[in-house]
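Participant: What follows is each chain in one-letter form.
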Amino acid sequence: MALGQYLVNGLLQGGLYACLAVGFSLVWGVLNVVNMLHGSLVVLGAYFTLYGVQQMGLPLYLVVPAVCVALFLFGYAIQRSLLNRVMAQPILITLTLTFGLDLIVNNLILHVFSATPRSLVTDFGALEFLGIRIPVVRIGGMLVAGLLTLLLYWLLRHSRIGRAIIAVRMDRHAAALMGIRIPQIYALTFGIGAFMAAAAGCAVALIYPVTPMMSGVFLGKAFVICVLGGLGSVPGAIVGGVVLGLVEGIGTLVLGPQWATSMGFLLMMGVIVLFPAGLAGRKGYE
Amino acid sequence: MSTPILELKSVSRVFDGVRAVDNVSLRFHPGEIVGLIGPNGAGKTTLVNLISGFVPASAGDIVYDGRSLAGHKPHAIARGGIARTFQIVQPFANMTVLENVMAGALYAAGCGMKEARERAVECLVFTRLDGFRDTPASQLALANRKRLELAKSLAMNPRVLMLDEVNAGLNSSEIDEAIGMIRQIAARGITIIVIEHLMRVVRALAQRAVVLHHGAVVSEGSTDTVFNDPQVIEAYLGTKFAKRFTTEQA
Amino acid sequence: MTFDRLVFLRLLVGLALFAAAALSCAYLDNYQLQVFTTLAMFCVLCWGWNIVGGYMGYPSLATIAFFGVGAYADGIAQVQGLPIGAAWLCAAAAGAILAVLLGTALLRLKGHYFAIGTIATVEVCREISNNWSELTGGAIGLNIPIQAGDPDFVGRFFFLAMLGLALIAFLATVLVDCSRFGFGLRCIRENERAASMVGVDVFKYKVGAFVLSGALSAAAGGIYASMVAFIEPKDAFNLIMTIEIPVMVMLGGMGTVFGPLVGGVFYVVLKEFVWAYFINWHSGILGVIIVAVIYFLPQGAFGTSWSALFAKARSRARATP
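Protein chains in written order, with the working numbering: chain B, 1 to 286; chain E, 1 to 250; chain X, 1 to 321.
To be clear, the hints were calculated from the coordinates, so they are not data collected in a lab.
Glycine included, each C-beta is placed from N, C-alpha and C at the ideal position.
Be aware that one or more of the hints could be misleading.
From the derived model, a few chain X residues whose C-beta atoms are all more than 10 Å from chain E [claimed, not checked]: (1) L11; (2) G14; (3) L15; (4) A16; (5) L28; (6) P83; (7) I84; (8) A93; (9) A105; (10) W132; (11) A139; (12) V154; (13) N238; (14) Y295.
Each computed DSSO-like pair below joins lysine-lysine, with the alpha-carbon atoms no more than 27 Å apart [as the list claims (entries may be wrong)]: (15) X:K204 with X:K110; (16) E:K9 with E:K73; (17) E:K73 with X:K110; (18) E:K114 with X:K204; (19) E:K73 with X:K204.
All chains, full assembly: derive it from the sequences and hints.
Facilitator: This is how it looks when you write it as structure tokens:
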């Protein structure tokens, strides 16, 4: 039943991936900024969670929300202070700016937390059915990540702020004319992006050992998921995340684990060339 | 009847089920000025896009100088001698006025750099933009931008020139100047297709007029005949103008 | 081509610099030669990028993909027994071929998607070289036959080779700048649709620019590989380097002839300084430099209209009572 195991793993992974990418996708879709900081934000979330639980001895259900809120504020501040000035600039400028910020944050993480892998891996046992084994911790992590993503989706559709964000994504000039305060929306969206990255980081801390080097890996996956699912949409991130999870799972089964990441990038290149609007068909930014 | 330099044979263009251009057949002869009129959305700009190769035809054929234009890319068609202006002017914003016009000479007309420069200056003098040679195109006022489009198209050494609402947004005296310039261009033997909403411009310039409505040709003939055609009056001109026109004629 | 006074002056200044650099290698020790060789390499990469990113306005982040492919092409060629010069030509050819393939696939994308596509290319190339062990040696890396000769000779040999390539890149840039090809690239940067309407064969020009840029970058990779005699995927396809290149050119001025040179020199010198004194913080400081460049000098040294900047400052000073 190896195929089934890989499929289930892939699906669960998809939930985590969706949470990982949704913040990145939102920022790209609404602000038209490719946030190279995103991977580092995930790693930061993971490290803060580890710190809170291991160093300060606080229970998980307190640490996770605290970390998420802290990173939300951090993201909001960064956008308001640094990014707002370059909002109308071409992609090279914004991408390089966030890349520069990422170098700074990554260096800081390396210094404060050091490069030795740390993890919170605890064993709460596993569920078994039909010969497929799923550790409980994985389910927990994926579930929280997935739920938060759905919550975000609900928020975007049904709250005033959420609809304002979607309006800005569709047409920022028209939104401004309607009285929506664009700089605030930008900062808010960036903050939400950081929040979701932190949430993904918390989940990651529970499942894998964490090193600062992982920020690049997470960023890469976020890229792939965005291209697969289309920009700025939560359903797109979910679709992209699940597809990537499944592709990696099947890739691992068929070609071996070293090729898993390559599969993702090859798929992304294929989609970019053949379907520039993403598999979900939403028109992205040019 | 001389051979037409440009001929459209049952050309159609369909966008998502909408027939933007519907089975249009037209002939254009060397040196004539033809007015292309019709209400907004009639398909005039789409027709220009089809001829200039920007958009492929869904059906029918466009024959220029005896050769079919089907499958040719816009730059090849430009080099062949068909130039057009854009309704919403599209200059190379950060390049100077001179450089903008040089672009037309360099690629469509196939000049070398020095020759292109000389040609560009000629065209600028003709359109009275010579004083703005080194100004970035983005700093020009609207009327001058329209003239820049014209100068650029002239530098391309065209045999067919399509002017898409080149007078939109201009005041009365600027329009008179433009009419003068276009007459001089036609005197060089260049076929000109003028898309216009201003009837007095069409009357002043064009010997022949074609009326498009919902993508199809509704009326065609000498300007007088077309303006008197009851179908055209109903669809486009309105009875008030028609009455004024007939009283002016009397 | 307009061989006017400006072009002549540029050639004069450039050739003088190159001659001085070539002569200097008699007086420099091996470590200094290595630094200068690295500098020349970055200049090649910057000039190469400048054609696609500066003149044509397409934000390519695939420079390192070409660099790495060139490095591996050279490495594999040398391992197969080809003489070093032929191996370098292989590298350049590999870059050109990749450019044609990539260009056809990616150049119809714009802005963000083009940039992302180029980043993805770097990642895919790295993963392929990581996994295709039979060809590239995989993650362990590829050992390349070392150039024979005593250390002084070898150091000078590679320095002059890289300098020669830099000269080619410089001359190519001067040529592009004053020719109708460069003019066309600038038209494409301003307004691709209008460029097409004016008769520019946009597709041919875009691929041409990409091929020139790719061949230069790949050749640089080839010389680098022969020089260090060992390459592995994470060195050959270093994502940080691929973003540093546009930053260097931005520093100096995009779409200018000397911008890439000035930006490259400034950045490399700064990096050496930071590496020497702040090794633990060097990536963080690099980040600060990048942020500062984008904030204060977005047009770069040659791109900023200094006269306009001073005029603005003067008028502001006059305005305050």
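Participant: Each hint should be assessed against the structure and marked as holding or not.
Facilitator: Checked hints:
1. L11: At about 17 Å from chain E, X:L11 clears the 10 Å cut-off, so the statement holds.
2. G14: Consistent with the label, X:G14 stays out of reach of chain E, its closest Cβ about 21 Å off (over 10 Å).
3. L15: Given a closest Cβ separation of 23 Å, the condition holds.
4. A16: holds (26 Å)
5. L28: Fine: 41 Å to the nearest Cβ keeps X:L28 off the interface.
6. P83: holds (41 Å)
7. I84: holds (39 Å)
8. A93: Fine: 28 Å to the nearest Cβ keeps X:A93 off the interface.
9. A105: Its Cβ never comes within 10 Å of chain E, the nearest being 19 Å, so this holds.
10. W132: Nearest chain E Cβ is 38 Å from X:W132, so the label holds.
11. A139: holds (45 Å)
12. V154: Non-interface label on X:V154 holds, nearest chain E Cβ at 44 Å vs cutoff 10 Å.
13. N238: Non-interface label on X:N238 holds, nearest chain E Cβ at 33 Å vs cutoff 10 Å.
14. Y295: Non-interface label stands for X:Y295: nearest chain E Cβ at 22 Å, farther than 10 Å.
15. X:K204 with X:K110: holds (16 Å)
16. E:K9 with E:K73: holds (19 Å)
17. E:K73 with X:K110: holds (20 Å)
18. E:K114 with X:K204: holds (23 Å)
19. E:K73 with X:K204: holds (12 Å)
Checked against the numbered hints listed earlier, the structure breaks none of them; every hint is satisfied.
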